[in-house]
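**Q** Next come the chains, spelled out residue by residue.
2 protein chains.
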Amino acid sequence: MEMDGRKRKILDAIIRNYLETGEPVGSRTISRYTDLHLSSATIRNEMSDLEEMGYIVQPHTSAGRIPTDKGYRLYVNSIVEQKTQHAEAMNSLMIYRTTRLEEMLKQVVRILASQTQYTTMISAPSYRGNKVKFIQLTRITSRQLLNVVVIEGNIVKNHLFDLTEDIDEETVGRLNFLLNSRLNGLTLMDINLGLISNIKEEAGVHADVVSDVLDTIAEVIRAETDENMEIYTSGANNIFRYPELADSSKAQLLISTIEEKSGLADFVKETRERESQGETGIQVYIGDESPVEEMKDCSVVTASYDLGDGLTGTIGIIGPKRMDYEKAMRNLKEVKKSLNNIFGSVRMEDEPTGPGDPGDVG
Amino acid sequence: MEMDGRKRKILDAIIRNYLETGEPVGSRTISRYTDLHLSSATIRNEMSDLEEMGYIVQPHTSAGRIPTDKGYRLYVNSIVEQKTQHAEAMNSLMIYRTTRLEEMLKQVVRILASQTQYTTMISAPSYRGNKVKFIQLTRITSRQLLNVVVIEGNIVKNHLFDLTEDIDEETVGRLNFLLNSRLNGLTLMDINLGLISNIKEEAGVHADVVSDVLDTIAEVIRAETDENMEIYTSGANNIFRYPELADSSKAQLLISTIEEKSGLADFVKETRERESQGETGIQVYIGDESPVEEMKDCSVVTASYDLGDGLTGTIGIIGPKRMDYEKAMRNLKEVKKSLNNIFGSVRMEDEPTGPGDPGDVG
DNA sequence: TGTTAGCACTCCAACACAATGAGTGCTAAC
DNA sequence: GTTAGCACTCATTGTGTTGGAGTGCTAACA
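So the sequence lines, in the order shown, correspond to chains A and B. Note that my numbering numbers the first sequence so that position 41 is 44, with each residue one more than the last. Note that my numbering numbers the second sequence so that position 24 is 27, with each residue one more than the last.
Source of the hints: derived by calculation from the structure; they are not laboratory data. Please note that the accuracy of each hint is not assured.
Pairs involving identical chains hold if they fit within one copy or between any two copies, as the list cannot separate such chains.
Unchecked claim - Taking lysine-lysine and the DSBU-like style, the derived pairs with C-alpha atoms no more than 35 Å apart in a straight line are:
| hint | residue 1 | residue 2 |
| --- | --- | --- |
| 1 | K336 | K134 |
| 2 | K340 | K299 |
| 3 | K109 | K203 |
| 4 | K340 | K109 |
| 5 | K203 | K136 |
| 6 | K272 | K109 |
Could you build all of it, start to finish, from the sequences and the hints given here?
**A** Shown next as structure tokens:
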């Protein structure tokens, strides 16, 4: 059995109709819905074939057909191919400039959720590959130090910590010099235990203080692992818009998964993985294709974004399998673009290459 | 009609039974449940009285009775009075020391949610009344400054920002001195527009740079309003454990409210308000007593916590009206205590004054 | 050979209906 | 004041019953 043009048209019609209604679609509906002008009986024959081929199924005898994951997959692939269409202007995202990266990300998922009516997620950009730009140790009291690390991409990490013995200004100055000269320009990944013990040795008598300080820096790095990836979500309540997800047990599972975030992190990882294998652009996970068991009743559409300065992350839309894939993909593209623009302009200001108003991340 | 001891016992039995089962409770149940040894008929008479008095209602004829808000209220009040009992040791919270306040708060709500099986919330402590301890302006590049503000309670706020014109080290040094001498020791509330324009004037030629810097500080303050209060939640999925909240429409409403956080902020405000009016300890909002319309099917139990150093916030448990109030209150008390301990010990290191009493708790 | 009309069949969804039983209020007896 | 007994109410549950949407199959048609 092979797929001819007519079968494709019918399958498309079935899927499109099901996306709208969420109800199984019957042969009669299609017979009127399409411009094929075929009787329901003919459609029935074709549908029977499509079912045999695995693109659609009947939930039960004497019901219409609904798409299988395989069917959705074919449909989504075809969208991806003809993606040049839909140049229609989208009302742009209107992300307000904020000073804090975190706020900005929260704003983005929020807007995206309200615009798509789906649940949305965004991962905070990873900066493991970014270089240390500046380290500053400041003495607050004789036993309390403030450590500030500025990382490329204008990420600022600070840490206030207490010492077990007094420290004087001069020592702090020496440590500042030592740290900056040894660590500046290295990426967070470069800073490993060996290097740290090296520096500790070099610090000599103040090794224990240095140890504290370096542990702090180590913690900044530690905070940047996949396990405790920062992920923001929005629009969790939107799952109730889709009856197939809204029943108590499924909703509970989904809400937990969204709240826990560890499942979402798997999508971020998977997306990063695939992207590194050359697969670029928007990615779609349909049902069982999901890396997360709990989300097998959903589809997830993801994309990576790039703020520049090595700051990349993943943004995703979570919906029912019958989600409006085109809309989701369109919106994600729009977000990608907006994020690029936002930070494009910031970067210009960052280096004295152009004019602009102040704004930054930190 | 007045409330005698027997009526109280019966009402208590009804409520307790309803808390467990969530089902309307009938006279026969009570007749066996209590140690009063009364027949169901007698109980029926009393229940009829209790209904007339407004403590219980029948969802429909020929159903058992369920407590009204008024009934719950009486019950809760009686718990509060005899709170000395239940000295039974609770497995303590096991909050791991973390460096970041935010992480710690997230951990707390999480543990509390898993222990109570309710939805929980915690507001980040307000530090508007806290004094500026230390301000540091650092020149990263000729047009980029890093501003770090350390506030009492070891709150660190940083902000990286770009200037429209170059700045040299010397100027930065002067600004540092100016800012510290003028702002240190003031609370964030004290720093108003008048003061800021004063300082701008004083800065003379570098007024525009100072303006930028001060705007930054102003923003730290701005971030500390009720409108964008930081609130962390956990266990939103727990609402599905209670059928009376789990149906699609109610669940959606609740999930939204929890996600939006603005409603939760109202509880924080209300709790703060009441506490400032002398009402201390644990507070309980039953149904319509809630300041938030969307939560009238729930009960909310809140308490304020005090980390010392002026860092106070609110922690709350959200559940169905038939929640286990005793358990909720017990857990909140435990959390209060734990939070005090955690920061008590930190403060000990913090100031070399010795083992200070970390603020009292009921 | 592909398309269509017609028909028998299936099965979900909706509805009505009765049976069940938990629970009440009332009354009369203790 | 307490209790047993009884009639009554009503949500819930189960059981048909029906209607309709949809299918598969067959036979007729172009």
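**Q** If a hint holds in the structure, say so; if it doesn't, say that too.
**A** Checked hints:
Proximity of K336 and K134 under a CA criterion of 35 Å is satisfied intra-copy only: 28 Å inside one chain copy versus 45 Å between copies. For the homomeric pair K340 and K299, the shortest alpha-carbon distance inside one copy (29 Å) is at most 35 Å, but the shortest distance between copies (42 Å) is not. With identical chains, the CA atoms of K109 and K203 are at most 35 Å apart between copies only, with a shortest distance of 33 Å across copies and 39 Å within one. Proximity of K340 to K109 under the C-alpha cut-off of 35 Å is found in both arrangements, the shortest distances being 17 Å within a copy and 32 Å between copies.
In the homo-oligomer, the alpha carbons of K203 and K136 lie at most 35 Å apart both inside one protomer (20 Å) and across protomers (30 Å), since each shortest distance falls under that limit. For the homomeric pair K272 and K109, the shortest alpha-carbon distances inside one copy (20 Å) and between copies (23 Å) are both at most 35 Å.
The structure meets every hint from the earlier list without exception.
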